[in-house]
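Residue numbers (the numbering used here), protein chains in the order written: chain V, 1 to 117; chain U, 1001 to 1493; chain Z, 2001 to 2493.
It is worth saying that the hints were derived from the structure and are not from the lab.
Hints should not be assumed to be uniformly reliable.
Stated by the list, open to error - Ranges of calculated distance between the beta carbons of each label pair, as one might list FRET restraints:
1) Z:Arg2114 to U:Ile1025: 46 to 54 Å
2) V:Ser88 to U:Phe1056: 47 to 55 Å
3) V:Ala103 to Z:Arg2114: 45 to 53 Å
4) V:Thr81 to U:Lys1106: 34 to 42 Å
5) V:Ile62 to U:Lys1106: 54 to 62 Å
6) V:Thr81 to U:Gln1274: 26 to 34 Å
7) U:Ile1025 to V:Gln69: 47 to 55 Å
8) Z:Asn2031 to U:Met1053: 54 to 62 Å
Note that the structure is predicted; figures quoted are calculated from it, not measured.
Heads up, the beta-carbon is just placed ideally off N, CA and C, and yes, glycines get one too.
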Amino acid sequence: MIEIFLGKYNYWIYITLMMIGFYAMIAKHNLIKKIIGMNIFQTAVFLFYISIAKVKGGTAPIVWEEAIQYDNPLPHVLILTAIVVSVSTTAVALALIIRIYKAYGSIEEDKILEMNN
Amino acid sequence: MNISQHFPVMIVIIPLISAVIIPLIGRIRRIYGWYVSIAATFSSFLISISLLMTVFEKGRISYWLGNWEPPWGIEYVVDYLSGFVLVVISFIAFIITVYSIKSVGKEIPEHRITPFYSIYMLFVAGLLGMIITGDIFNLYVFIEISSLAGYALIAAGRKRDALIASYNYLILGTIAATFILLGIGYLYMVTGTLNMADLRERLPLLYDSKVVRTAFAFFTVGLSIKIALFPLHIWLPNAYTHAPSVVGALQAATATKVGVYAMIRIMFTVFKPQFILEVVPVSQIFLFLSAVAIIAGSVLAIGQRDIRRMLAYSSIGQIGYIVLGIALANKSSIIGSLIHILNHALMKGGLFLVVGAVVYKTGITDIDDFKGLGKRMPFSMAAFTIGALSMVGVPLTVGFVSKWYLALGALQAGMWVFVPVILISSLLSAVYFWRVINNIYFKDDGVPARIDDAPAGMLMPAFTLAACCIIFGIAAFIPVYITGFAAEMLLRG
Amino acid sequence: MEIITSVKPLLVVSVSLLGVLLIAASARKPNLRESWTILTALTKFSLVVSMLPLILKGNVIEYFLISVLPGLDIKFRVDAFGIFFALTSSFLWIINSFYSIGYMRALKEHAQTRFYVCFAIALSATMGIAFSANIFTLFIFYEALTICTYPLVIHKETPEAIRGGKRYLTYLLGTSIGFQLFAIFLTYNIAGTLEFSNHGILAGKGSDFLLTIIFILFIAGIGKGALMPFHSWLPAAMVAPTPVSALLHAVAVVKAGVFTIIKIVLFVFGVDLASKLGLGHGLAYLASFTIIAASIVALRQDNLKLRLAYSTISQLSYIILGVALLSPDGITGGIMHIIIHAFGKITLFFTAGAIYVATHKTNISELDGIGKQMPFTMTAFTIASLSMIGIPPAAGFISKWYLVLGSIEAHQIPIIIVIAASTILNACYFLPIVYAAFFKELPPGEKRERKEAPAFMVVSLMLTAIGTLFLFFYSSALLDLVNIVTAGVTGGN
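Just chain V, with the same shape it has in the complex (with noise of 0.2 Å):
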């Protein structure tokens, strides 16, 4: 029983997370909000990656002498391209709220459903 939740931690780790994220944007009113929980969602898929990347007694892939066994470097790689798409999605969803506020003055959500109907 000890053995799953210790011995996969990580995953526990990005399982909370990732969970936390999502309640965030599906129940959250305020927009940020949302946009926060988007980031805490995507950040706990990265974390994924990245721990899946690890190799038991395994190095940084450099190069050098005394290295054996190279952690997994691509992994590594798609999760710089993937926060680039998600910083780029913050950057959108700002983008939008501002535009949002501009336009209706708030930035809940509640009170916008409001003033559309």
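Fit chains U and Z to the supplied structure of chain V, relying on the hints for placement.
Same frame as chain V, now just chains U and Z:
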């Protein structure tokens, strides 16, 4: 060194570079941005035709990006399936670009036209990239490129509702994309590869692995949001309704179609047909969902007053058709699905273009205000009628061909219950289009007499799409021939 | 039997489409426009007649237009049965055109160009149905006929007309898409072809249960045959101007329905299969029910056109009944009744229109003594009534004679009782009108003066009335044609 060797990458690079060129050249004159967009989409279209022809001549094209051999490097793949979808999407993108300038000039503030076209090109590049890539992580990147560009394009709508629609789409779209990213992570974890063909080789041994199944679940849910499969469709109606007309047309005609294409790739290329049919019978779930989507989309469309919203709900139903064909997973049904991709792109694109022309001329979008429009804008309405006929699935339009194959596929799979579903939804779509047609032709008051028909620059593209609905409805053997090869390729175990 | 390839069937179908262009082009010049209609009608009829000698020799004329999908061809085949129907419709179109001119001008109707255009298209579609070589082609023209007659039904554009039109479309499109198309899918799926053949295409292709289902779907799907319970579109369509009711809803559209049913029974199922499965009996009893029930409903109608409409429903079922008996004489009687009923019923509708134009009366209770004002019209009415009842020397006798013979042949004594009962009912709802017209006094305040409708109309209705007598004395030529049909479907080869 032959330039045509690099066609697979150029089809993506050309719009991508145009996206950078447009802001520069747009400084000289705004109209140049449009010229560049036309040139880019047209050359993409030509290249895609050439690629499809090469596929028929020599078989599958594999392009190694940066000359890195797959599975290590990124591979671009053109086969019967991606060749076909490339031609369809680049053609639609080209037609809509030609159409766009008048509508964009009216609906978008002048200083934003140049950035609009720049983002437009990014969107097209993202879609074409999604189609051509043979690398699963690359697929994710292109999904995000097209989605991000899509959010921005929708937010360019005139009313402030567009911002909310775009924001909601962004939230759901990001959830979807992150799910897909997670799915990719799981697959990589157990296989150590990202190349689709390589995954196909390695996965069958792992079909019992929980990791693989979880990955598949994430892909399924993520892509279902992207293609707005009922009940994950809630972002779509608002997005299509409030987006600028051109964007509505482009999104409706291309974005979800490419999403479905990605789904086909995951289900049939990364996984094998037997996985969705036997190992994890998700096809059952999809059959059920698609039937619900087909009926619900049509029923919801009947209740709408705004024509764009009606078309949007109709799209949800049409997506159901495509998914139905995929889930039935036999040759006829997949041919039906693939032709429906073509069909829906043509007719929904055409219908949205006509609606754009009406908005351009009159500003009305309420179906009740369409009364007497047939006399004022006869040509636009003729194109609309053809599109509507194809949507209903009247014989001699391409809509009939796809429904014919879907129904045959259902019968061949022994699932005859889906035939009534298809027929009933055809009737329902006849009902919701009838409301419009009746207002257009058989009621008099409403539209002021000074309104005349849309300019040729808008009519020609709309008519081209409408004409294609009929051409491919009569010369149906062309798409059937191409998609027949694609279906056989997909079903090969 | 020889198969001759000739483009003539296509010409027959398309000549009125050419006429449409000319009619639409001369919208501003009524005289020229009507000349085009007449000219088109004459051309069409003479083209049909020109094919007659070959057919009488037992040949078949074919023309292959295009193959939409494998097994889905647009193909024409002129056989004895097809040309029989085509002759009837195209001949009556000529007379009806003259009548229309009188009617439309006397009432100064609006949108006359639309009226003539739709009329010409409707005749094209009717010819297409008559000359279809397969179910697919037939289905296309069947739907086209529904759609192009809609503007005729709602011609008055009053709320009542729109309501009637809605019901018209709902019933006809609903049944044809919901059931007929389903049946076509199933047929194609099990038989692999949709081509009509003298001995059917379905024998031995599926389980009895499946074949029965297909049969029921076909019969339910052919709403134009007005078999109960799918009949109520026909009374609803009576809001149309009388020439439309006369030619389309007594001849072209409804006969297209029974024509299709006969095609399905004889040329898709075949006499052997239909009798083996007992389908003929089922259909015969459904038709019998319709005959009696519609006659009883007709008795209660005071509106003349509605009474005629219910009478049509009942008479159509004679045709279906005759064929459903599946005996040579029954089939002969049924097919003969197509033309005999056509002449009789068109005369009755013509007189109803003439009465309306001359006196604006629409109800039977207002017709007392009208024979004194309109002697020619009411004489024609009397002759046509006699034909409906089946009293010599009117042609109705011939078809009833064969129907009775056919029932004896098929050992169906109850059917004879049905025919006898319905004859009495026919007499009950027609003869009182004749009696009232000639022997009752005019209502007070009306003068005993000639009030005939315009000459165009009176001459037309006299001609068709004479036609019903003529058919009685010269039926042998038509019987030759019908014998070719019956010999083909019941004979050895």
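**OP:** Find the hints from earlier in the document that the structure breaks and name them by number, from lowest to highest.
**Re:** Of the numbered hints, just 2 does not hold.
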